[in-house]
Amino acid sequence: MKFYSRVLLYFAGGLFFVALLAPQWPPAALLLLPLVYLHGEDLLVWLYSRFAPIEPVRVRHPDDERCAYDPRRGLYHWLWRVEPNRSLFGVESAEAVHEFYNKLSLQRGEWLTFVVIGDEKFIRFTSRRFDPARVSQVEAVLQEFYVATREGAWVGWGRPVDRRVYATAFFWLFYSAFAGPWALAVVLPVWLWVVRRFARGYLEVPLMVRFTHRSVAESWPASRQVLELLSGPDARVYANMPRWAVAVADRPPLEVVKKFQRIYEGRDTGKRLVRLGELAPVLERISQHNERPVLLYPFGTADVHTQNVSHDLLAQAELWRLRDGVKALTGDLMRFPIFYGGQLLGRGRYVTLAYDRFGRPVAVPIDSLPNAHGVIIGPSGMGKSWTVGSWLNALVRSGVVITVVDPHGDFRRWAKLNGAVVVEVPRQLPADFAEVLAASLDFQRVARAYGFEVAGAESARSAVERVASLVGAAPQYIQWDGSSHTVFVLRSIREAYDVAAFFTAALMLYLFRKFKAPEEEPPEMLRRIIVIDEARLVGDPRNPASGELVRALLELVQGGRKEGYAAWFIIQLETQLERDLLRSASLVLVLGGTSRAIRGAAEILGLSQSDLAYLTSALTPYEASLGGRPYATGVLLLAPREIKYQVKIPLDPELKPRRK
Amino acid sequence: MRRGEAGYLELRRELKRKMEELGKAARGVRVLPDPKPPGLKIGVLPAEAWPRALRVRPRNPEAWDLCVNFLGDLDCYHKAVRLWGNKDAYALVLRAVMFGADVKAVVDALSRGDFQKARELVYRGRAPAQQIDELVAGRR
Chain A
463 MKFYSRVLLY
473 FAGGLFFVAL
483 LAPQWPPAAL
493 LLLPLVYLHG
503 EDLLVWLYSR
513 FAPIEPVRVR
523 HPDDERCAYD
533 PRRGLYHWLW
543 RVEPNRSLFG
553 VESAEAVHEF
563 YNKLSLQRGE
573 WLTFVVIGDE
583 KFIRFTSRRF
593 DPARVSQVEA
603 VLQEFYVATR
613 EGAWVGWGRP
623 VDRRVYATAF
633 FWLFYSAFAG
643 PWALAVVLPV
653 WLWVVRRFAR
663 GYLEVPLMVR
673 FTHRSVAESW
683 PASRQVLELL
693 SGPDARVYAN
703 MPRWAVAVAD
713 RPPLEVVKKF
723 QRIYEGRDTG
733 KRLVRLGELA
743 PVLERISQHN
753 ERPVLLYPFG
763 TADVHTQNVS
773 HDLLAQAELW
783 RLRDGVKALT
793 GDLMRFPIFY
803 GGQLLGRGRY
813 VTLAYDRFGR
823 PVAVPIDSLP
833 NAHGVIIGPS
843 GMGKSWTVGS
853 WLNALVRSGV
863 VITVVDPHGD
873 FRRWAKLNGA
883 VVVEVPRQLP
893 ADFAEVLAAS
903 LDFQRVARAY
913 GFEVAGAESA
923 RSAVERVASL
933 VGAAPQYIQW
943 DGSSHTVFVL
953 RSIREAYDVA
963 AFFTAALMLY
973 LFRKFKAPEE
983 EPPEMLRRII
993 VIDEARLVGD
1003 PRNPASGELV
1013 RALLELVQGG
1023 RKEGYAAWFI
1033 IQLETQLERD
1043 LLRSASLVLV
1053 LGGTSRAIRG
1063 AAEILGLSQS
1073 DLAYLTSALT
1083 PYEASLGGRP
1093 YATGVLLLAP
1103 REIKYQVKIP
1113 LDPELKPRRK
Chain B
234 MRRGEAGYLE
244 LRRELKRKME
254 ELGKAARGVR
264 VLPDPKPPGL
274 KIGVLPAEAW
284 PRALRVRPRN
294 PEAWDLCVNF
304 LGDLDCYHKA
314 VRLWGNKDAY
324 ALVLRAVMFG
334 ADVKAVVDAL
344 SRGDFQKARE
354 LVYRGRAPAQ
364 QIDELVAGRR
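Protein chains in written order, with this note's numbering: chain A, 463 to 1122; chain B, 234 to 373.
Next comes chain B alone, as it looks inside the complex (with noise of 0.2 Å):
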């Protein structure tokens, strides 16, 4: 039955009066919501499918593919973007990645500035001696 139909009113009301006894919608509401029209369903993408949906390409590809494709988290791609430009802070990231580290917290802990807990997680510990030297001494 459609709006406009004979009958359509009555029935709405006959139908609120019936959900408002089971508690299925609160009282003194003037009129219930529309049903959905069969078929559709509304559904938010996922924030990681939206450039694919939005047909565009992300600015930084290597930082996407590293933490969308392979890491399927969108916030260590806000957090990488912003650490591509610090030299050693992406000289970390890709030794995560070459030496098989966690990358994500690697990333966490540099987007935190904490580049101590980076090189930990990185080197297991044991960050090489000139490492330290070229990090510590306020490049960042």
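Pulled out of the complex, with its shape left as it was, chain A reads as follows (with noise of 0.2 Å):
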């Protein structure tokens, strides 16, 4: 039975009982004194919780300023912000419930508590004892799960409960009508007592950090089937509450093979056979999945119709009291995204990229991101370009200087609202850009693949020009230093392959020489991106100086970060592009589209059968904007840790020419 129902039927009883015996036998009222020594605080909390959420008062641990103490329950509470560094989610995270639990070998008198406020995670480690050697024990396992940072003692803040609470003396009036007035007098000193001890014990919060609903269960159904069919729909609900919490404590396993033992030690009937066949599910998952059995205390602010989870203000109190939990065992902890949403913690501007499947947003920190080079794989149609449009828009914004190669031309509208130059390649190039590329040996490797010696500015600027002649080009020099949003567009040549894959590289190479940041002076912070469309010229095994290309770029791109930039590749499929590059890139985003065209990416990436069933599923861009904006689809991947968000970004209207 639950702890709260079962301190009501007390209550009742002995009330009823006392009511009963004291008229004919008035010493029978004195055992209304242990019931409400024992359980008149339990009874208020209940009370109080009918109206308002309250919790106990706790207090700062003298030796400890991060560790708080609850005199009241006698509990010992520290506090992390954590942020996962894996990102599962529902019946992927299994093997990573399971570890974590058998990592942390949680004790008696122990509990841990993931708690979820808007977007912050935190992780409260509770214990009986005060005992900092464990504190650092617990703190190890979580820090190979999550980026654990230890945060302040977790004291609370609210206002002082009601004294009205001090009226409910008058039922004791009421209940002398019955029992007769000895049953007053002994029980209405010790009620004030209990009262006064209340109402200086516990404060009403507010609704920042309030929990209104709780799972009324006394144990989830256990069958491992019905778990791996909830695990995720459960996590979804969680993740789409404002505030949400859970806490776990261990169940020794002898309660669960006591119960077995007592059935089948028992005769041979029929009624033994079906206690059996109920408890053939926990037995099964206990043997064949190595489960254990735990109390978990799910708290939230909606209902989850599937773990028995309603309004109940008493969660509050619960939250910290932790006196009612639900049997369950350590596999019904996927029930709740712990391991979900991983967040890059930097320094630094953060962008927001995108809007995660529960419409929270996706926050970059695109100046500590490790390496400089992202890469944004999609079939055609499903919004490449005009997602990164999308983007830049917001980079933009945040000050950064972007710098498109595009070589169809589809960011021509995106200069035009940005305030961008754009310079038509061959025809117009920049004044320096022979010099530049003749100071680069990487462009002298690939100008000799060509069949180009070039030594100086001279020869440099003669090749160029040679190769522009191709396409009946004559180079015409402007001023460019760099300082604006430039697209360099390369639609002219797009027919003749060869000319504008040279070109695609030289830019490439004139662009990450040109804005090398000077030795002594190495940039904080992201200045600028270089955006390759069709990134696919460069890799491309037609292209003859492609091997010295990827080299360079390898070389480039992974000191980029100090350099101050950072490279985009824009791709089709994965095998467009050096798969070194691929791999180490910080920023993956795969668009949505066929499984044939996405496989490859998402066996390099190891993406999962979820993230494939989600990209599989996706709307062209067209398509979602029927339904009112239009989005791109896709599963966004953050390096250095495991971060993965599967995400829909919205597209700016603005980029695409209305369709007729």
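FYI, nobody ran anything at the bench for these hints, they're computed from the structure.
Positions of the beta carbon are idealized from the N, C-alpha and C atoms, including for glycine.
Honestly, I wouldn't trust all of these hints.
Claimed, not checked - Incomplete in silico selection of chain B near chain A, CB under 7 Å:
1) 295
2) 299
3) 301
4) 303
5) 317
6) 330
7) 332
8) 333
9) 341
Since each chain sits alone in its own frame, please combine them into the complex, following the hints.
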């Protein structure tokens, strides 16, 4: 039976018994004393929680500023801010949950609570003992699964409980009409003492940290099939809540064993067989899936029907009292997204690039990514250029200078909206194009692959002009210092494959060389993003310089962050870019499409089945725009950890011409 | 006696003269204002009570609950709603509530843009290094 139901039952039974006995034999009223002393506070907490959420007052521990001590329950609480270092959801998290729980090896009188408030995730470790060694042990385990930062003592803040709670004393006046004046004389002083203790020991808490729902179930259905079926949907419901928490405590398996033995050793009756059948799913999970019995304490701000989580303001008190858990097994932790949604905690600017499937913004610390390059993979028509254009809008607002190498002219509209300079290559080239390229050893090698010997600015210039002349263009040199947003459009030469490949390569090497930061001044911030649309031109084996180019690119992008720029490559298939570039990119976006188009990328990037299912169900941006705002669907991966989001990226309608 | 009844004007004139003598009305005023009807008092509801009286809901219930229901300070609400969209500021207000700091002072400091002061209040002068890293580097 649940704890608070038991308390209510004790009180009802005790009052009834004394009301019957005390009129005949007044000393029977003394029986109420232990009841009021032991459970008076529990009853008051239950009663008060009908009207307002309360929690017990905590104080800072004198020996540890970061430990909150709850004198009411004798519990010590430590708090960490955490971000999962992997991104697992639903049944995918089974292995991690199992490993995490077993490594923690919670003892009796220890609880671990995962708390989510808005964007922030916390883990609270609660113990009956003040044992710093154990806390460091727990912290070490947390560090394996989360990026954990120790926070201050969660002592709470609020206002004192309403003094009208003293009015409950009038109940005893009413009760004495049945049980006699002796009962009043005996119970009233103790009751007033209990109420005073309650009034001093509890606080009403503000909405910001309030949990309003909890599970009223005694245990959850145990079958593994049901668990696997429900873990995803349940986790989804929690991920949608603004605040939720789940506490877990170990439950000795002895209880299950005893129950089993009692049934097994009885006579071979039909009833026994039925009860064995009831226990079978539990035993199966314990024996076959190596799960352990636990007590779970789910709290939230919305109903979860499959877990009997419903509105009950007692949730707030229970979050701190931890008296009323649900009997479950470790696998049931999969029903909570405790390993979902790791953010990168960086310094510098955050830019919201997408929204996850629960509509929460995914902000990326652009100054703190481990290396500079990103890859956007997506089949034709799924909105690659549109997505990048929309991202670039956000980046422009953050003060990043954008340079785009655009073979198809997709970014002309973007350039118009953002006031960017459009340079038509090869008819227009920057004035220092040849000088900068001549200083690049990489360009010398690339030019050699095309049959040019480059030894200085003049020879570089003549090589460039010679290639341009193949498409009948004579370069006109313009002043360009790279301080403004620029789009280099190669649309006029897209038919001449080799010329386009040459100029794409030359432009890349020119840009990387030109924006190299001075040695003595390594920049702290990302100042520029160079976007290479249709980057397949770089790694294509038909390109005579592809080997040289890829090698040069690998060198350049690995050190790009230190130079203050980032390079983003847009490709259609994973085969169009060197695998090392793909694997080491710190930001990868895979846009939806057919499974045959994305399976290769999924394999290299380690996407799961659910990611594939999500990607293959993606709408095209045009289809999405029929329902209102256009968006692109994809999976966003961020380095250095396994951070992965299934996202929707709102697209800027201004970037596309109207369809007729 | 009501306006328009016989003797009303004479009575008001007499009243005006007496009040001028007593110094309770300025000399040269043409007429005295009518007395207020008995039983009706003019009062102004405190601004905190307006939403309930007008039966409207605050746009930001979290900030309203914190500032008005708990602190009884509407000015704090005005400051808080401006802070709510700022991730760093919200994180500090949340921590102020969690760690039992002076919430009103933290909201004040944040609304002045004084993040350092707010951090000191929240963490009692000792903010974790990572927090400082996150908050200092221009994410405001």
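Let me know if the C-beta of residue 317(B) comes in closer than 7 Å to any C-beta of chain A, holds or violated. Constraint on residue 317(B) not satisfied, violated at 10 Å.
Restraint check, 7 Å cut-off on beta carbons, for residue 341(B) near chain A: 16 Å, violated
Double-check residue 299(B) for me: the hint is only fine if its C-beta lies closer than 7 Å to a C-beta in chain A. 5 Å, holds
Hint check, residue 333(B) versus chain A [nearest Cβ-Cβ separation less than 7 Å]: It holds, given that the least Cβ distance between residue 333(B) and chain A is near 4 Å, below 7 Å.
Hint check: is the beta carbon of residue 301(B) less than 7 Å from a beta carbon of chain A? For residue 301(B), the interface hint is violated, since the closest Cβ of chain A sits about 10 Å away, which is over 7 Å.
Under the criterion of a CB-CB separation shorter than 7 Å, is residue 295(B) in contact with chain A as hinted? 5 Å, holds
Agreement of hint residue 332(B) with chain A interface, Cβ distance less than 7 Å: It holds, given that the least Cβ distance between residue 332(B) and chain A is near 4 Å, below 7 Å.
Restraint satisfaction for residue 330(B) [CB to CB of chain A, less than 7 Å]: 5 Å, holds
So, as I understand it, the hint says residue 303(B) touches chain A; can you test that by seeing if any CB pair is closer than 7 Å? 5 Å, holds
Hint check: violations occur at hints 3, 5, 9; the rest are consistent with the structure.
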